[in-house]
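Those protein sequence lines, which keep their order, are chains E and Y. Per my numbering, residue 9 is the first one in the first sequence, and the count goes up by one each step. Per my numbering, residue 9 is the first one in the second sequence, and the count goes up by one each step.
Keep in mind the hints are simulated off the structure, nothing from the lab. Treat each hint with caution, since some may be false.
[Stated by the list, open to error] EDC-like, lysine to aspartate or glutamate: derived pairs with alpha carbons at most 16 angstroms apart:
| no. | chain 1 | residue 1 | chain 2 | residue 2 |
| --- | --- | --- | --- | --- |
| 1 | E | Lys125 | Y | Glu357 |
| 2 | Y | Lys567 | E | Asp162 |
| 3 | Y | Lys418 | E | Asp124 |
| 4 | Y | Lys417 | E | Asp223 |
| 5 | E | Lys125 | Y | Glu437 |
| 6 | Y | Lys339 | E | Asp223 |
| 7 | Y | Lys647 | E | Asp46 |
[Stated by the list, open to error] Pair by pair, the computed Cβ-Cβ distance ranges are:
| no. | chain 1 | residue 1 | chain 2 | residue 2 | range |
| --- | --- | --- | --- | --- | --- |
| 8 | E | Asp223 | Y | Lys339 | 52 to 60 angstroms |
| 9 | Y | Pro378 | E | Pro78 | 53 to 61 angstroms |
| 10 | Y | Lys729 | E | Lys234 | 56 to 64 angstroms |
| 11 | E | Lys165 | Y | Asp403 | 51 to 59 angstroms |
| 12 | Y | Lys620 | E | Lys234 | 36 to 44 angstroms |
| 13 | Y | His623 | E | Lys234 | 45 to 53 angstroms |
| 14 | Y | Ser13 | E | Tyr42 | 52 to 60 angstroms |
| 15 | E | Gln33 | Y | His623 | 28 to 36 angstroms |
| 16 | Y | Thr726 | E | Gln224 | 27 to 35 angstroms |
| 17 | Y | Lys339 | E | Gly90 | 57 to 65 angstroms |
| 18 | E | Tyr67 | Y | Pro372 | 41 to 49 angstroms |
| 19 | Y | Lys142 | E | Gln224 | 42 to 50 angstroms |
| 20 | E | Tyr67 | Y | Lys24 | 43 to 51 angstroms |
Even for Gly, the Cβ is constructed at its ideal location relative to N, Cα and C.
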Amino acid sequence: MPKRIISIIVFPGSNCDRDLAIAIQNHLNVKTQYVWHDNSKIDNYEMIFIPGGFSFGDYLRAGVLATKSPALGEVIRLAKKGVPIIGICNGFQILTECNLLDGTLMNNKNQLFICDKSYLKIENNKSIFSKNLKKSVVQFPIAHAQGNFFASNDSLKELEDNNQIIFRYCSKQGVINEKNNPNGSLNNIAGITNKQKNILGMMPHPERAINKFDDQDGVLFFNGLKELL
Amino acid sequence: MKKISQKTIKEHGLSKNEYSLINNILKREPNILELGIFSVMWSEHCSYKSTKKWLKTLPTSGKSVICGPGENAGIIDIGDEDAIVFKMESHNHPSFIEPYQGAATGVGGIMRDIFTMGARPIANLNSLRFGAPKHPKTKNLLSGVVKGIGDYGNCVGIPTVGGECFFHESYNNNILVNAMCVGLVKKNKIFYSTAKGIGNPIIYVGSKTGRDGIHGATMASAEFDDQSESSRPQVQVGDPFMEKLLLESCLELMKEDAIIAIQDMGAAGLTSSSFEMASKGSCGVKLYLDLVPCREENMSPYEMMLSETQERMLMIVKPTKKKLTIDIFRKWGLEAVEIGEITNTGNMEIFFKKNLVGKLPIKPLAESSPEYDRPSKKPKTIKKKGNYKNFSIKDALVKIISSPNHSSKKWIFNQYDRSVMCDTIFSSEESDAAVVRVHNSNKAIAITCDCNPIFCNSNPKLGAAIGVAESWRNLISSGAEPIAITDNLNFGNPEKEEIMYQIKEAIEGIKMACEVLKYPVVSGNVSLYNETNKKSIIPTPVIGGVGLIKKLSHAKGFKMNFGDKIFLVGESLGHLELSELNRICNKNTGKPPPLDLKKELKNGLFIKNFIKKHHSVVSGCHDLSDGGLILALAELVLKNKKGIKVKIPKNVKKIKEWFFCEDQSRYIIIVKNEKELISSAKINEINLQEVAIVDGNSFSIINQFEISVKKLISYNNTWFKRFVQI
C-alpha cells in the first residue's frame, strides 16, 4: 500500500473537493486521492476527508443520500478502527447522518444560506485535530444553509463532559454569546468529535483560509495535522 | 392538414407579414409544429429582429478578442494560453412571474453558455432592478430572486462575487434580473457550436424533457398585462444538482477528442440549439423525436421541440467516440441518447412515430429572420415642478447612506457563497470590481456590472456611454487593464417610437464609449417588452466589464490604513442635475453629467499606470459615481470601520457641489505617502487634490460636521434590515 496519501471522498454534487485537495497538498505536504462515491474500497486510509458541497443536491435532507454510497460504508468501517476522519460542512452533515457523530444540523436560524467570516474559539486544544493550532481564536469562512447544530440534552451533556466540542462560534476577541452565533447552533457549537476523538465534523471551511489574500488561519489547521501521518 | 387560423398565428406572436414570409420560405403553409418552430426562432428573444440592425454597429474586435458575438459567449485572451469566456443574460419576465425559479434558471442558463464552450465557470455576478420598496410585490420579489440566485450558484459551487441592486418605481411590474457568468479555459480547448460531418450522431444529455417553459422565448418577447401571472407554467424549474453533474461530465468529456460541436438547450430548447448548430455548419439535420427522453407521457412533437426544460445539452460527437461519450455521462449518472444525425440536405427533418412531421429549410429559417428598422422618435421631456427640499451636507449624506439604493446590502450578498473555489480576492463589496484569481497563477481578473438608468432615462446615449465609462473605471480602480464588455440591453416595447429611440441611442452611446476606450463588446443579450399595461421600464443597458490584473499585488480594493492620505483625481465641475443629492431633494429633472471620453481615458490610464508602478504605495482606490465624492468617502469609512478627516481644499468655492456632484472620470486614491503621486500627477498634467487623512473614529469634515463611524454604520445598516424583516 503506498503510504502518505490522503483520501478525499467525492460524491456527485461535492464542490469543495478541489479546494480541499489543494489545501492538503500545499500545507500538509502530502498527496491526495479522490475516491468516487461508488467505490467500496478505500486504498489509502491514513486519513480521510469528506468535503463540502451539496452531495446528491442535498435532496431529501443535507447529507442523507450520501450515507447510502458504498464508499461511506467503508468510511464507517475504518472509522471504527480509529482512522482519523474529517468532515467539513456537507462532510459534517454526512457524518451526523450516518451517526458517526452525535447531533444534527438543522436549517440556519434565519432560514437563509449564510456566507460570512466566522471566528472560532478552540474549546479543546488537546484533540489530535486542534492541539497544534497555537491560537485560541481562529477565523474560517462559513457557507451553508443547514449549520444550526442541535443535539438532545443527554447527547449535549456527553459532548460537553467528554470535551468533544472543538470549535465554538465567537467574537474576534473570543466572546461566546448569541450575538456571535451566526446560525443558531446550540451552545454556539461549530465543530465536534466523536467520543473516541478520531472523527471531526465542522461547519467552517479551513480550506478557504489558506491564501495570502485570506486570513490564513487554515494553514495552521492543516499544518497541525502533520503528526497524524 | 389543418389550416392555421389567424388566431393561432397571433397567439404565436407572429405578424401577418412574418406569416407570409414563412409561406414564401416553405413554398406552402406550415403545419402547427413548423409554425411553433418559426415563432420561437423569430421571436424577439431569439432573433433580435428589432435590434440586429443597430447591434451590428458595435465594435466587436480587438487584439485580445478571440470570439465576439454570435457564439454562446464572448472570449478574450488573457495571456499564458488562458482565455476568459463571459456573457450576461436576462431572465426578467420569468423572474417577475416566479421569482425563485426565474432567477435560479437565469443563473443556470448563463453558466451553461459558459461551460458549453469548454470553460469552467469561476465567477457569477448579477444586476438586479426592483420596483419601489413600498410597492406590495417588491419585498417578495427581492427575497425570491436573491434566494434563487444564491441557491443555484451555491449548489453548483461557483462563487457569486458581485452585483448591484437598485430600486425604482418604473420596475414595479417589470423587475430586471440580469445574470453574468465568467469562465476560464485554455485557448486550445475552446469548443464551438458549428455542426460538421455528414452522418455524425446528435447526442442529447441532461434532464428529461417536460412540458415546462413551452413558449418561454415568446413570453419574453411580449408585454405583460394583468393576466400575465397565469403564464407561470411557462417558467422553467431549475435543478442545480443536474447542472453540476452536466458541468463536471461535459468538462471531463471535453478532455477527450470526442466533441465536434456542442450547444446548450436554452431559450427555445431543442429547436434553437439544433437549428443554430446546423445553420452555422451549413448542413442538415434529422431528428427522431421518439428517442428524446421525456419525463411526461404523450408529449407531442410540438411540445418536445418547444419545451424549455433546463439543464439539457445537445452535441455532435465523433462516431468512434459515441461509446466513450455515453460511458462518461453514465459515470455521472446521466443518460446520453442519440436522437438524430447530421445530413447534407440543408433541411431539418423531424420524424415522429416513423412519420416525417416537419421539414424546414435551415439557413432561411435561421438567417432570413426578419430584421426591422423600426421608426423612432425622441420622447418629449416632461418638466415637473416639485417641492424641493434642502438639506445640510450632513443630513444629505445621512439621507443617502440610509436610502434603499445605498444602504448596506449585506442581507443580499451573505446569501451568496463568495468563497467557494478559494480564488475570490475581493467581492464587489470590497472593491469597485470583483477580483478573482486565475487559479494556480499570480494573475487575476476583475469583473463589474454597471448601469445608471436615471441618466439613461434622461439621455439614453450619454447615459449608456457613462455606463460603459463607469465599468471601465471600476476595472481601473481595482488595478486591472480593462479588456472587453458584455451588454444586457433592457428596454420596453420596440414597436413604440419613443422606446425604439432609446434603444438606438443607447447602442450609439455604447459604441461611442467603447471605441474611444478600446473596450469591445464580445457578447450580449437584449431584453425588450419590459412593459406592463403599456407602462415601460426606464432604459437599462447594463454593462458587464472584464479586465486583467497581471500581478496579484496590483489588485486594489477599498482598503485604507491609519495615516494614509486620500486624494481626488480628476476635475469636479459641480454638475448636480440627476445626482443623488438632487433626487433626495425631489429635483428629478435635468441632464446627466457631461462625459469627455478623452479625459476619461487620460485619467484612467494615469491611475492604471500609477497602481502598476507604485502598487506598494497604494492602499486602495475607488471610482466616483452616484453620490459623488462624499458618498465615495463615506463608503471607505463604512468598509474599513476607520475614521477620516476631510479638509476642503482652499480653492473649492462651492462646497456642496464639490461634495455631491457626479462629474465623470474621477477617482479617489489612497496612498501611504504622497510624494510619487504628486510628482506623477504633475508630469502627466492630471488634476489632483488632497482631500483627507485616515485618522480617528469618525467621519469628520473640518469646519463642517462629524459623525462617528459607529453611527454611520448604523445608518447604513438600518433600512435594509428593517425592510426584509417586516
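Checklist entry - Is the gap between the beta carbons of Tyr67 of chain E and Lys24 of chain Y within 43 to 51 angstroms? => result This hint holds: roughly 49 angstroms between Cβ atoms.
Checklist entry - Given the proposed pairing of Lys647 of chain Y with Asp46 of chain E, does the C-alpha separation stay at or below 16 angstroms? => result Violated. Lys647 of chain Y to Asp46 of chain E sits at ~46 angstroms, over the 16 angstroms cutoff.
Checklist entry - Is the hinted range of 27 to 35 angstroms satisfied by the C-beta distance from Thr726 of chain Y to Gln224 of chain E? => result Given about 34 angstroms between the Cβ atoms, the range holds.
Item to check | Holds or violated: Lys418 of chain Y to Asp124 of chain E, with C-alpha atoms at most 16 angstroms apart | outcome: holds (10 angstroms)
Checklist entry - Hey, Lys125 of chain E versus Glu357 of chain Y, does the alpha-carbon distance stay inside 16 angstroms? => result violated (56 angstroms)
Checklist entry - Under the criterion that the straight-line Cα-Cα distance not exceed 16 angstroms, is the pair Lys417 of chain Y, Asp223 of chain E satisfied? => result violated (23 angstroms)
Next on the checklist: Against the range 57 to 65 angstroms, how does the distance between the Cβ atoms of Lys339 of chain Y and Gly90 of chain E compare: consistent or not?
Outcome noted: violated (32 angstroms)
Checklist entry - In this structure, is the beta-carbon distance linking Lys729 of chain Y and Lys234 of chain E contained in 56 to 64 angstroms? => result At roughly 44 angstroms between Cβ atoms, Lys234 of chain E and Lys729 of chain Y fall outside 56 to 64 angstroms, so the hint is violated.
Item to check | Assessment of proposed distance window 45 to 53 angstroms (beta carbons of His623 of chain Y, Lys234 of chain E) | outcome: violated (35 angstroms)
Checklist entry - Taking 53 to 61 angstroms as the hint, is the beta-carbon distance of Pro378 of chain Y and Pro78 of chain E inside that range? => result holds (57 angstroms)
Checklist entry - Is the gap between the beta carbons of Lys142 of chain Y and Gln224 of chain E within 42 to 50 angstroms? => result The hint (42 to 50 angstroms, Cβ to Cβ) holds, given that Lys142 of chain Y and Gln224 of chain E are roughly 45 angstroms apart.
Checklist entry - Lying within 36 to 44 angstroms: is that true of the beta-carbon distance Lys620 of chain Y to Lys234 of chain E? => result holds (39 angstroms)
This entry does not satisfy hints 1, 2, 4, 6, 7, 8, 10, 13, 17, going by the numbered hints stated previously.
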